[in-house]
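Asker: Take the sequence shown: its letters are residues 4 to 132, numbered as in the working numbering.
In case anyone wonders, no lab produced these hints; they're calculated from the structure. It cannot be assumed that every hint is accurate.
Using C-beta positions, here's what the derived DEER-type ranges look like [claimed, not checked]: (1) E108 x G57: 20 to 26 angstroms; (2) P48 x T106: 27 to 33 angstroms; (3) A29 x K71: 16 to 22 angstroms; (4) Y33 x R63: 28 to 34 angstroms; (5) F24 x L80: 23 to 29 angstroms; (6) A64 x D131: 41 to 47 angstroms; (7) F24 x P48: 16 to 22 angstroms; (8) K112 x A29: 27 to 33 angstroms; (9) K18 x K112: 29 to 35 angstroms; (10) S116 x D46: 17 to 23 angstroms; (11) R63 x K129: 41 to 47 angstroms; (12) D25 x I122: 19 to 25 angstroms.
Just so it is clear, CB atoms sit at the ideal spot from N, CA and C, and this is done for glycine as well.
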Amino acid sequence: MPLKFGKSERLKSKKLFQSVFDNGKALTAYPLKVFYIPVLDADIPRTQVGVLVGKKKFKRAVSRNRIKRIIREAYRLNKHLIFNNIEGKYAFLFLYIGDNLPTSETVEKAMVSLIDKLITVEINEKADS
């Protein structure tokens, strides 16, 4: 599995974006929160990912863009965990809920923790059904 994060993996559909935000399940590992839903559409790749950083907490676009870059990089480096442990297609929305500019190490730890929680929840749900 190549460590890329191409255009096809980005969550760009407004409809799907809103659906993930409104109907998705949420998990938190400070300073990140993830909303996710399984997707049945055959046209999309295995995962689609969107990243949000609030404008209220980070007024300057430079700060918001830096945080988004850090989150996307943490996802890119750890997405193999999702692919190796979960079947099916998903849409993810990562939300930064911290108050300060994070370090990449902090975000990476939170990302790994979130992915572990996600895998646990999904495996348990598949076992129950």
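Asker: Which hints from the list above does the structure break, by number from lowest to highest?
Answerer: 4, 8, 10
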